[in-house]
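Enquirer: Protein sequence lines, in the order shown, are assigned to chains A and B.
Numbers 1 to 146, taken from the working numbering, label the letters of the first sequence in order.
Numbers 1 to 290, taken from the working numbering, label the letters of the second sequence in order.
Simulated from the structure, these hints should not be mistaken for laboratory data.
Keep in mind that the hints are not guaranteed to be accurate.
As the list claims (entries may be wrong) - Each pair of labels, with its calculated beta carbon distance range:
1) B:282 / A:43: 53 to 63 Å
2) A:11 / B:9: 52 to 62 Å
3) B:28 / A:15: 37 to 47 Å
4) B:136 / A:39: 26 to 36 Å
As the list claims (entries may be wrong) - So these bits of chain A aren't anywhere near chain B, every CB distance computed over 12 Å:
5) 12
6) 47
7) 49
8) 69
9) 72
10) 83
11) 85
12) 86
13) 100
14) 127
15) 137
16) 141
17) 146
From the three backbone atoms N, C-alpha and C, an ideal C-beta is built for every residue, glycine too.
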Amino acid sequence: MALPAKLQDVLDLFATFDDPADRTNLLLSYADQFREVPREVATRPFAKEHLVPHCESEAYVWALRQPDGTLKLHFAVENPSGVSARALATILDKTLSGLPPAEIATVTPDIVERIFRQNISMGKGLGLMSMVQAVRSLANAADRKA
Amino acid sequence: MSGMTDIAARGYAKPDVLVSTEWVAEHLTDPSIRLVESNEDTLLYASGHVPGAVHVDWTADLNDPVRRDYITRKGFEALMSRIGATPKTTVIFYGDKNNWWACYAFWVFQLFGHKNARVMDGGRLKWEKEGRPMTREVPAIAPTKYKAPERNDKPVRAFRDQVLKHVKGRGQIVDVRSPEEYAGTRMHMPDYPNEGALRGGHIPGAKSVPWARAINPEDGTFKTASELADLYVKTNKLKKDKATIAYCRIGERSSHTWFALKYLLGFKDVKNYDGSWTEWGNSVGLPIEK
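So that you can see chain B by itself, here it is in the shape it has in the complex (with noise of 0.2 Å):
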């Protein structure tokens, strides 16, 4: 397959997962993939898209509109059937800042065991950068039938007691956010507001690997496995047989670390706190170092 020649020589643990920005190009029509645009920036999907590409809202479309959680399983099926997917369908999600949002859109879609799933290396960035075609035509999808399992987070999915027991067992933990909101001076992103926690730090135990820190800034792709490597294993001590689990603020940057631990590198069992700062930090009596 031209174009993913340079994926596959990277040294992933599963390449399949990622596909080239040319692999895109070269299959827009066909009907066996669905191409999925998810971004922080809710109208720049509208404001020009990859053709055939459809719309994936993070809030809109894959959170509960009342509960903080997920959709559920009929949700699932609904949105499904919108973007015109069968469980046969390959998605391939890319989007905005480095495919953020694309990576958490696959996670979620994970949580409804939809395997068939790859993200576009680079992402908007990189098919802008090499001058592809964007498009605002809103493609027009058939409905789908798509009968999803009930929602099973057990497998990529951590939730607070189990992220508690995971610190008293000295787990493994990944805090990917910026160094300041680790350290406990900042308490969101920087440039960001401040999105409501009440206590700044860490997990105890958590070691601080910013996300982005998995890319290559100039075009948004993944660095090769031996770099990602490096950053994790070698210098953070990262093993990959022991249980790992990724937080951030909201579960959305650690989406797109426990993608790149989970396939890129290989770690066996990794798992997305989507609780995050938002809910540590506010817990009464949870632990926090800083």
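If we strip away everything but chain A, and leave its shape as in the complex, we get (with noise of 0.2 Å):
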């Protein structure tokens, strides 16, 4: 099945990033722009059925149902030192919220590799790929609810 539109552009997008240096500007650019679930969603201290598991950088996801049946999705990451799970977050929310249930449930852990490549050390990216299953089995839970 194929991906988002909106993912699968920014995948086409790294994926044309050959140079290390660019890749790692890019994913930075994402991160800078994360923001974190906001207040009204939730609050300190987070609830732990949020929290997305053997992720090292305590990321914490939400997806919200919106009236119009899609889902939108919020994270946080507790870990200052967490840049890679802000920049996979912001990169989740942006192509995946205001998408039904059923089409971010297409969405498998393989994405991390494909947009992190070289930036994974080893065995790191197992805590990245943790983070796309939780919001999967999210959308998943929303999907039978609907």
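Since each chain comes alone in its own frame, lean on the hints to assemble the complex.
Expert: In structure tokens form, the structure reads like this:
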């Protein structure tokens, strides 16, 4: 199944960047745009059920159903050094928020490798993949409720 | 030297191996030093670093891209050239997570005998907490010529068979992982994914001293020599004059403990077993304690 169009565009963009420095800058620009979950959605201490398992950056994720049936994603990243987690959270929000749950649920964790490539240290990408998996699980749950 | 008094007063065996954030701030433009940042998250350096610091990535720069091993002499020479260091350059490591990765890079540099190396006490955490300058500007470095000796693992690195012999001879071993990993109830660090060990537990006879107990969590600085001695020598009965092997999962956390034991407490012979649990817990027939 095809990936959501906006996400595919981002993946295509990363694919055109061969220079690691360019990819790093692009990732950084996403991290800079990161907006934490608004206070009206969640406040600290965040509920543990929103914590992404296995993510060392202590990332939290929310998927809120909108009146039109689509989902809006929110994230929090508690580790101040979690730059990669903030970059990924921004990409997921920008490309998946506003889509129906069933469409979001088609996204698989392998996109992490396509986005980060050499920017993932040995084995450390698994935490980022867990973020994608968490979004997918929330989307599946929302889809079942619909 | 201002800023060093505190470190000098902590009673370390080799206090010169640490420099303070204050000292670094005063030496940012000193051509005889090279600041090296090493982190877990490879994007962290790009998001802001100490002015003039270069990035050394533990995976891409220090590990062989194919085999499970470290870079060769040639790779190290190329790395040193890239970061503009000569054998005379004082390399100062710092990074995130209480200098865990900084100590790892420091340790790899010792495989090539670059003894002119220090760690910035407190690392990124202390530097940032003190509101010192950070930049995204990557310094333009003129490549140097660096002639390195062949990698010499013997003084600071332990291999599996050596560890097995050490176990049989009831040698001194420190397991620096979390208590849950040591007990075998967890196969990976808390909050980290399982990175592939088939068996849980610890190397027989190993003492459990999680690595981060050596630091003050509020600013990432190392504890004083007497506090470290309380922890390693008094409480855990480790002897300074006995050969010691430290291990964790892949040898990164244990390089932090290796650093504390060797330089701060003056243990005579400390080696880091980088094969660590991902090798031991996967090897057929090796003894495991739970």
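Enquirer: Could you run down the list of hints and mark each one as holding or not?
Expert: Consistency of the hints with the structure:
1. B:282 / A:43: 53 to 63 Å: 44 Å, violated
2. A:11 / B:9: 52 to 62 Å: 54 Å, holds
3. B:28 / A:15: 37 to 47 Å: 38 Å, holds
4. B:136 / A:39: 26 to 36 Å: This hint holds: roughly 29 Å between Cβ atoms.
5. 12: Its Cβ never comes within 12 Å of chain B, the nearest being 21 Å, so this holds.
6. 47: For residue 47 (chain A), whose nearest Cβ neighbour in chain B is about 17 Å away, the distance exceeds 12 Å, so it holds.
7. 49: Given a closest Cβ separation of 16 Å, the condition holds.
8. 69: It holds; residue 69 (chain A) is separated from chain B by about 33 Å at its closest Cβ, greater than 12 Å.
9. 72: 26 Å, holds
10. 83: The assertion about residue 83 (chain A) is violated, with a minimum of 4 Å to chain B.
11. 85: 8 Å, violated
12. 86: 9 Å, violated
13. 100: 30 Å, holds
14. 127: 7 Å, violated
15. 137: Given that every Cβ of chain B is farther than 12 Å from that of residue 137 (chain A), nearest at about 16 Å, it holds.
16. 141: 22 Å, holds
17. 146: 31 Å, holds
The structure does not agree with the numbered hints 1, 10, 11, 12, 14 stated previously, though it agrees with the rest.
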